[in-house]
Amino acid sequence: RRGEMAKLTQLIDNEVFRAYATYSAIVLLKMMLMSLITTYFRITRKAFANPEDTATFGKGESAKKYLKTDPDVERVRRCHLNDLENIVPFVGIGLLYALSGPELSTALLHFRIFAGARIFHTFAYLIPLPQPGRGLSFAVGYSVTFSMAYKVLKTAWLL
Amino acid sequence: RRGEMAKLTQLIDNEVFRAYATYSAIVLLKMMLMSLITTYFRITRKAFANPEDTATFGKGESAKKYLKTDPDVERVRRCHLNDLENIVPFVGIGLLYALSGPELSTALLHFRIFAGARIFHTFAYLIPLPQPGRGLSFAVGYSVTFSMAYKVLKTAWLL
Amino acid sequence: RRGEMAKLTQLIDNEVFRAYATYSAIVLLKMMLMSLITTYFRITRKAFANPEDTATFGKGESAKKYLKTDPDVERVRRCHLNDLENIVPFVGIGLLYALSGPELSTALLHFRIFAGARIFHTFAYLIPLPQPGRGLSFAVGYSVTFSMAYKVLKTAWLL
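Chains as they are written, first to last, in the working numbering: chain G, 525 to 683; chain B, 525 to 683; chain X, 525 to 683.
Simulated from the structure, these hints should not be mistaken for lab results. Honestly, I wouldn't trust all of these hints.
To give a feel for the contact side, a few chain X residues facing chain G, derived at Cβ under 7 Å [said to hold, decoys possible]: (1) A543; (2) A545; (3) L553; (4) M556; (5) T562; (6) R566; (7) I567; (8) E576; (9) D577; (10) V615; (11) I651; (12) L653; (13) P656; (14) L660.
A few chain X residues facing chain B, derived, Cβ under 7 Å [what the hints assert, rightly or not]: (15) A571; (16) P575; (17) S586; (18) P613; (19) G616; (20) I617; (21) L623; (22) L650; (23) P652; (24) S671; (25) V676; (26) L677; (27) A680.
Heads up, the beta-carbon is just placed ideally off N, CA and C, and yes, glycines get one too.
Looking at chain G on its own, in the form it has when it is part of the complex (with noise of 0.2 Å):
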């Protein structure tokens, strides 16, 4: 088992690995932390989706005022799912690139920019920010991950 071991902990001792877990592990950390902001924002502002949910806060008819809608929390949970359509195929297609045999300036580059311009665009969502900033930063981060697919393919096409 050592010896399988060994072999394993050579990927991850590759630095444009180490750098994909890295960062692939922050921007996963960042999109979980938007479930915690859901669950903050349901509290504060009593709007839940299941009946079970407001038991706490009263029981039968009293209760059901707070199955509701509320505006800030259907903006967190649009952000979530942005994050999903986003942040998913980042890390997807980050790891093939990672395995594509990238440079590691030029990886760095990559993911870089990509956290960076995910946490830009929550803040953007969450403050929330005049347009085009939500807007830019989303592009930014779908152009990283565009340009990532593109070296894939160039390294890896096999139809």
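Fit chains B and X to the supplied structure of chain G, relying on the hints for placement.
Structure of chains B and X alone, referenced to chain G:
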């Protein structure tokens, strides 16, 4: 090609990676099951989102009444979305964790608790069980992914 | 670093892994395309979800009328969510499948059918085609992922 195959299968022969592959496949299949449950409730509750899906039940105006939302359908859809928000980070971070060289026993502990928590979460959401059943199972799964992310960042950190 | 690189590129030189990388990148790019189609419909239908997105069309009360849902926008969003629910399991299980040592011809058969089914699914959803066109393409993609999961669990099983 055989020679390369041999190298590749070293990964799947590693016990930690085999455990990761097993639990990842199980939780992804569990997530996919939500699609079938949604379809089941859409058909039995006759509640559809697309006009073309109601054609079986009549033509023109008579079919329009089946374009509606149903509480049971919406509940399954929320459960499915919650799976996407939690199982996807587990699969992504879990892969990096499996490659970061954890002890087999520690890795199995993480994977088993996560899979158990998410299967319980589905029952808690669909039955539904009174809170904090669902909330706690969400928190347990969340903590497992967070713990794996900590190990990944500690091992791979390269910004 | 060069030495490690060489080991890494062994993975991307493997034909099954190259096929997986190609088809994964293609279906993830197809999924990302849904964001652009949503934006296109939001602008042409003038139907936005965030007040700050309507600022181009006027100030104050006159901009509020563009905060609405539109059937075409909602249709693209449902198609995008369906992609997340189906393409994400394909990418995750497909990676494990590619590492489980399948024959190249068998792997290519799986990847080609899945990609074809999901591209057809998008057209069936957006045109829209009468059922069961969309339903069948969903079922075909679903079955491919299920078949790959079966191979993964048979090869890797370790609970």
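Structure-based check of all given hints:
1. A543: Where the cut-off is 7 Å and the nearest Cβ of chain G is about 5 Å from X:A543, the hint holds.
2. A545: Constraint on X:A545 satisfied, holds at 4 Å.
3. L553: With Cβ-Cβ at 6 Å, under 7 Å, it holds.
4. M556: 5 Å, holds
5. T562: Violated, about 9 Å.
6. R566: 11 Å, violated
7. I567: Since chain G brings no Cβ nearer than about 11 Å to X:I567, farther than 7 Å, the hint is violated.
8. E576: Hint holds; X:E576 Cβ to chain G Cβ min 5 Å, cut 7 Å.
9. D577: This hint holds: X:D577 lies near chain G, its Cβ roughly 6 Å from the closest one there, short of 7 Å.
10. V615: This interface hint holds because 5 Å falls under the 7 Å limit.
11. I651: Check failed: Cβ of X:I651 comes no nearer than 22 Å to chain G, outside 7 Å.
12. L653: Hint violated; X:L653 Cβ to chain G Cβ min 24 Å, cut 7 Å.
13. P656: 27 Å, violated
14. L660: Since chain G brings no Cβ nearer than about 23 Å to X:L660, farther than 7 Å, the hint is violated.
15. A571: This interface hint is violated because 17 Å lies over the 7 Å limit.
16. P575: Where the cut-off is 7 Å and the nearest Cβ of chain B is about 24 Å from X:P575, the hint is violated.
17. S586: Because about 30 Å separates X:S586 from the closest Cβ in chain B, which is outside the 7 Å limit, the hint is violated.
18. P613: The hint holds - X:P613 has a Cβ within 7 Å of chain B, the shortest such distance being about 5 Å.
19. G616: With Cβ-Cβ at 5 Å, under 7 Å, it holds.
20. I617: 6 Å, holds
21. L623: OK, holds: X:L623 within 7 Å of chain B, min 5 Å.
22. L650: Hint violated; X:L650 Cβ to chain B Cβ min 11 Å, cut 7 Å.
23. P652: 5 Å, holds
24. S671: Violated: closest Cβ of chain B sits about 12 Å from X:S671, beyond 7 Å.
25. V676: 5 Å, holds
26. L677: 5 Å, holds
27. A680: Because about 4 Å separates X:A680 from the closest Cβ in chain B, which is inside the 7 Å limit, the hint holds.
The structure is inconsistent with the numbered hints 5, 6, 7, 11, 12, 13, 14, 15, 16, 17, 22, 24, although it conforms to all the rest.
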